[in-house]
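Going line by line, the protein sequences match chains A and B. Each residue of the first sequence is one higher than the last, beginning at 0 in numbering that gives the first Met the number 0. Each residue of the second sequence is one higher than the last, beginning at 0 in numbering that gives the first Met the number 0.
Bear in mind the hints are in silico, worked out from the structure with no lab data behind them. Don't be surprised by glycine CBs; every beta carbon is placed ideally from N, CA and C. Be aware that one or more of the hints could be misleading.
Unchecked claim - Computed spacing ranges between beta-carbons, pair by pair:
| id | chain 1 | residue 1 | chain 2 | residue 2 | range |
| --- | --- | --- | --- | --- | --- |
| 1 | B | I44 | A | Q236 | 41 to 49 Å |
| 2 | B | G82 | A | E348 | 28 to 36 Å |
| 3 | A | I84 | B | R36 | 23 to 31 Å |
| 4 | A | I84 | B | L103 | 27 to 35 Å |
| 5 | B | L103 | A | V345 | 50 to 58 Å |
| 6 | B | I120 | A | I97 | 27 to 35 Å |
| 7 | B | I120 | A | S102 | 31 to 39 Å |
| 8 | B | I44 | A | I74 | 28 to 36 Å |
| 9 | A | I74 | B | L28 | 16 to 24 Å |
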Amino acid sequence: MALDFEMQQKTICGYHKKDTGRVGIIEKKYPILENENEATFLVTRDHFFSISTQQIASVIKNFLRYKKVHDIIRILANIIIVPGIFVAVGFIFKYANILEDSSFIVQFIDSKWSGVLFGLSILGVIILWHDFYEEKSHPVQLPIAKRISPKELDEIRATGFKFGRYAHLEIVHFTNQETLEMLCTYTKDNHFSIFELYKHLLTDNFEVQQLIRRSGIEMGIEELEKDFKVNAESLPQYHITAYRSLLTYAVEEALLTESKEVQPQHIFLAITRIFPQLQKFLQTKNITIDILREICLYNNKVINKKNRANFLDIKIPYYRRGGISKQWVFGYTFILSHFSKDLTRVVAESQDTFGIGHEEEIENLVSVLGKISNKNALLIGEAGVGKSSLILGVAQRINTGNVPIQLKDKRVVQFDVNGLIAQASGEKNIEQLVIKAMEELENAGNTILYIDEMQELIPAKAEESGQSIAGIMLPYIMNSKFPIIGTINYADYKKYFYSNESLRQSFSNIEVKEVSTTDTLKILETKVAELESNFSCYITFPALVASVELAQRYIRDRKLPSSAVQTIEATCSWAQSNNIPKITSEHVSKAISIQKNINITEIDQEESNRLRKLEENIKSRIVGQDEAIIAITEALRRARTDVRSADKPIGTFLFIGPTGVGKTYLAKVVGEEFFGNKQDIIRVDMSEYQDVSSIDKFLGSSTQTNIMGQSQITLVDRVKSNPYTVVLFDEIEKAHPDILNLFLQIFDEGRLTSSAGETVDFTNTVIICTSNIGSQILLEALEKDASLWDEAKNRVLLELRQYLRPELLNRFDKVIVFAPHDINNLTQISELLLAELAKRLADKGMILKWNNQIPMLVANKSNEPGMGARPIKRYIQDRIEGEIAKEIIEGNLKSGAEINIRESWII
Amino acid sequence: MEVKNTVSDNSGQQLLTGTKVDSYAAILLYSFQDFLRWWYIKMPIWHLRVLNRLAKVVDDQLSLSLLSKTFFTPWHRDYSAMGYLFGIAMRILYLPIAVTIFLLIFFLYLLFILFWIILPIATLTFILTSLIK
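Just chain A, same shape as in the assembly:
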């Protein structure tokens, strides 16, 4: 998995050899130290964790006994509560005159024993209360481990640990009762078996089972024993001194997973990390220890989210929200409220976390909004990068009070321009409504206005979309007395904002970048519960990881996190309609394959055969160009097995050769064989881009129109709408050198930036360029002496350098010289073309037959040196197809008829 879970460098495990006094860092291999003179410890940025053998021995000796006493006390407390309840009920009955004065119960209630029993039951309640709530008064919780900076890490490596700077914490204090009970239970005669412990964790521990379930794998002890030699020998028995190492690694796991205490699942993670055979098992299932940690982290977040609602919990900070009379001190917003949405309220009602991955931008936005003047902010970013989520993140920070004083009690309101236009009856009415809403905003004093798609309010754009509100709102925006947040994409910013100096000065620009894959995963995690409940499915963690990775790779027209969110939603929807209850990474691949009409699922047997036979299949259709076919099929195999670099096109090839040798046809065949028949190849005639002014045309987008006023479909548009295809650039040498420079970006980075600022992805295309440079040399060589072929090829490649710059030539995966066809090749091509004709006639129920001489005759008769295979096609059309058509028209040929190609037709 390529995702970096950013868990490293929060903790450092170290060892101490008491006899030599040596202290060092534990890296890569995690040893279990049994020797009393050797000890492990853990260091975070601020804390030092350790555990002694004495503590372990004491726990082993006393814990179960202590628990037994506690259990007995608890049972006794439960027992003495029961008579107390009876006495209390009896009292009630007595004073309600339900019981007769002389009854036995009344006599008992009147006796001194009833009071004693009632008092004892109260004591029982007190004991149980103590038992249940003891943690509340003195929570023993692990601190949050902060990242250790590389500088600090280097310092530790160079000069060793400076223990005086850390606060010392005892690991045993943070080990919860369940874990201690488990360790004590599995310790016999001061020894414990790691294998038995692991077996127990796998089979009996609920948390571990949840962890494995979420990871989407089956982890049976039988499979581990049988295939990975996980047994009592490989996971041996240790003396209790080894618990020091195990608990040190477990507390590290607890810290990395932001847990509050060491739980059995951390022991499970620690054991998995210590023993390589367990990691090997996980590797075979495509799971890493980092993924298990991330799942653990996710589970903790779910628990914390449930606790967040309790505002009386003193461990959670409380931020003032203003209360029921907050609005008294702010102005009315009757009209604005009607045409807007209060995002602070929306966020308050939601349990989700917003603005993940945009912490820096939120910080910037908060500081802009808090300014005295020029407090308007413009968020510039592509669609789907999370601009709206960022604004909700700001609203969430206002709600929690984690903002400067000038933003406290503020509310973020999203203005619904379209709603206002829709509801207003006339243009005058719109104007009045907008003016009133703006006046309300100015008077409100606590409102931050959020306008999505800010360009809609720019008069130039508004004219295009026929919107009449822009001119009215713009003066208010430019001289606003209230903060405004607007969002816009790069293309519109360049088009409408950049040229308008005063408008540009009114806003502080905040660039919103695409979030990282790690943050996207965190965003997906926040949506799991909602998706599972909505689609009645169970989402495994690898499915989330696959959604992020595959979306980043295959859905290039949208940005993260939006692409990943859409992917997981599409997968859930697909799984629901196919009755799949548990979503795995394979299901995500399948859903993307269906959505994008590409194949990214695991290669099955059928496809494996097809890929192996790809070369054979193409060779059966293309004659005499084996070198080109081998180069292309190798690139395609690399692409399908994901071995290729993901940031470059699948393959970039330059085909050189005379006309009619099959350069374009090979591109078409590749398109059909690899991308499927439905996908047409994109063909660009480079002779159309001969002068420098055509660069705009090359980089153009559909916003440009032709002389007829119709939108032109450009290369950019075609690749955007069909990114999985072959792009054929014909006669590349004819293009202007400046246009050829653009190819450097396409070949190197797999993308092209259009004139409108959009980025078009080429990483899923096969790029084939063709050229006729040196055709004459090749033809002459073949005519004179075939043995001169290699020399001719070298001469052609030298000539090529005169037309194309070396940096461009170097970027092609392969430059392939197509050999001109000799008579044998032409005969084979004739045979293929006749077979195609036979197929077409077979559809009409006619059978076409020919003898062995016919293809040779056709090849000889049609052969025009230097023209390749094209004359054959024309010859067959003129002579054979023409004759057959004549026979059909005359009524001589009907369905079921057998046609024999006559030599007279050809000669």
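The hints should help you fit chain B onto chain A, whose structure is shown.
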């Protein structure tokens, strides 16, 4: 599920030193001491912290501090004489009610803390008086 840690507390390794809990009697004695410490020291402190939080929450929910600080701010930022007058009038009407609710909640919780402190002693006294009766 919240799992408590009974082998240690914040003050150190009470149970893990081994000397204090090497017999059932010692465990019982320790448990009794631990209970008293929890009931009479830790929990009252915890309750006082909760009371502090409760006061803050109630004050915020009833907008007590906010309205007191903005006592002379006009009603919904209507800067006319009527707006000022109405704003002050509303506050004069509202604040006594809000303060009463605040004090009621505050003293009720304080009473609960008092009840907490006397509960074990009162229970024991009740048992003893019942026996003597």
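These are the hints, each one checked on the structure:
1. Against the hinted window of 41 to 49 Å, the Cβ-Cβ separation of I44/B and Q236/A comes to about 46 Å, which satisfies the hint.
2. A hinted range of 28 to 36 Å holds for the C-beta pair G82/B and E348/A, which are about 32 Å apart.
3. Checked against the given bound of 23 to 31 Å, the beta carbons of I84/A and R36/B, roughly 29 Å apart, stay inside it.
4. At roughly 31 Å, the beta carbons of I84/A and L103/B sit within the given window of 27 to 35 Å.
5. For the pair L103/B and V345/A, the beta carbons lie near 33 Å from each other, so the given range of 50 to 58 Å is not met.
6. In this structure, I120/B and I97/A meet the distance hint of 27 to 35 Å, their C-beta atoms being roughly 33 Å apart.
7. The hinted range of 31 to 39 Å is satisfied by I120/B and S102/A, whose Cβ atoms lie roughly 34 Å apart.
8. In this structure the hint that I44/B and I74/A lie 28 to 36 Å apart at CB holds, the actual value being about 30 Å.
9. Take I74/A and L28/B: their Cβ atoms lie about 20 Å apart, and the range 16 to 24 Å holds.
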